[in-house]
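These protein sequence lines map, in sequence, to chains A and B.
Numbering-wise, the first sequence is residues 970 to 1057 according to the working numbering.
Numbering-wise, the second sequence is residues 970 to 1057 according to the working numbering.
Rather than coming from a laboratory, the hints here were simulated on the basis of the structure.
Wrong hints could be hidden among the right ones.
No distinction is drawn between identical chains; accordingly, a pair holds when it is met within one copy or between any pair of copies.
Taking lysine to aspartate or glutamate and the DMTMM-like style, the derived pairs with C-alpha atoms no more than 20 Å apart in a straight line are [said to hold, decoys possible]:
1. K993 x D1012
2. K1055 x E1009
3. K1040 x D1001
4. K1015 x D1032
5. K1055 x D1001
6. K1055 x D1032
7. K1016 x E1003
8. K993 x E1003
9. K1055 x D1012
10. K1015 x E1003
11. K1016 x D999
12. K1040 x D999
13. K1040 x D1012
Number of protein chains: 2
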Amino acid sequence: FSTPVTIRTTSILSVAVEVPEASKINTLIDLDAEKVVNMEKLDAGKKAVYCRCWKSGTFPLCDGNHVAHNKATGDNVGPLIVTAAKAE
Amino acid sequence: FSTPVTIRTTSILSVAVEVPEASKINTLIDLDAEKVVNMEKLDAGKKAVYCRCWKSGTFPLCDGNHVAHNKATGDNVGPLIVTAAKAE
Chain A
970 FSTPVTIRTT SILSVAVEVP EASKINTLID LDAEKVVNME KLDAGKKAVY CRCWKSGTFP
1030 LCDGNHVAHN KATGDNVGPL IVTAAKAE
Chain B
970 FSTPVTIRTT SILSVAVEVP EASKINTLID LDAEKVVNME KLDAGKKAVY CRCWKSGTFP
1030 LCDGNHVAHN KATGDNVGPL IVTAAKAE
């Protein structure tokens, strides 16, 4: 399956292809949702690792799939790690 | 600036263009880093809104830039909202 692109032929020998500068980030998660916003609660002293590559099978949590994404695209995205302070 | 793509001409009339299925998500943030991982601490009872579109000017926090990204690409990405439980 290829992504449809606009093709303008300037001459038989050269083809100008306009690939959209910015493309979609999310091609897997809740595609029917208008906007995917997740609200998470962390108990005191707890830590969670959250996905930011939109490829995780355990979204919104990270499952390491950013490694495969980075390898396939040359990207450098990684997760967000949040720790809730311990109760004093 | 266009993204380089592989072009295979099958015949003068039709041009097969292979656009990579997955493209980079991060085109702005710490591009020299091997992998961008953020570690954040949340005080008890506090809430933070984190960016997942990689376009925020206040990364890793959200600044609303996902709205412009979604409009430009038809994407549906939104932030992650984390709340640290109140100390009991």
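For each hint, the structure was consulted:
no., hint, verdict
1, K993 x D1012, "neither (33 Å within a copy, 34 Å between copies)"
2, K1055 x E1009, "both (17 Å within a copy, 14 Å between copies)"
3, K1040 x D1001, "between (28 Å within a copy, 15 Å between copies)"
4, K1015 x D1032, "within (18 Å within a copy, 26 Å between copies)"
5, K1055 x D1001, "neither (38 Å within a copy, 34 Å between copies)"
6, K1055 x D1032, "neither (25 Å within a copy, 28 Å between copies)"
7, K1016 x E1003, "neither (29 Å within a copy, 23 Å between copies)"
8, K993 x E1003, "within (14 Å within a copy, 22 Å between copies)"
9, K1055 x D1012, "both (9 Å within a copy, 8 Å between copies)"
10, K1015 x E1003, "neither (31 Å within a copy, 27 Å between copies)"
11, K1016 x D999, "neither (25 Å within a copy, 24 Å between copies)"
12, K1040 x D999, "between (24 Å within a copy, 17 Å between copies)"
13, K1040 x D1012, "neither (34 Å within a copy, 35 Å between copies)"
Checked against the numbered hints above, the structure breaks hints 1, 5, 6, 7, 10, 11 and 13 and satisfies the rest.
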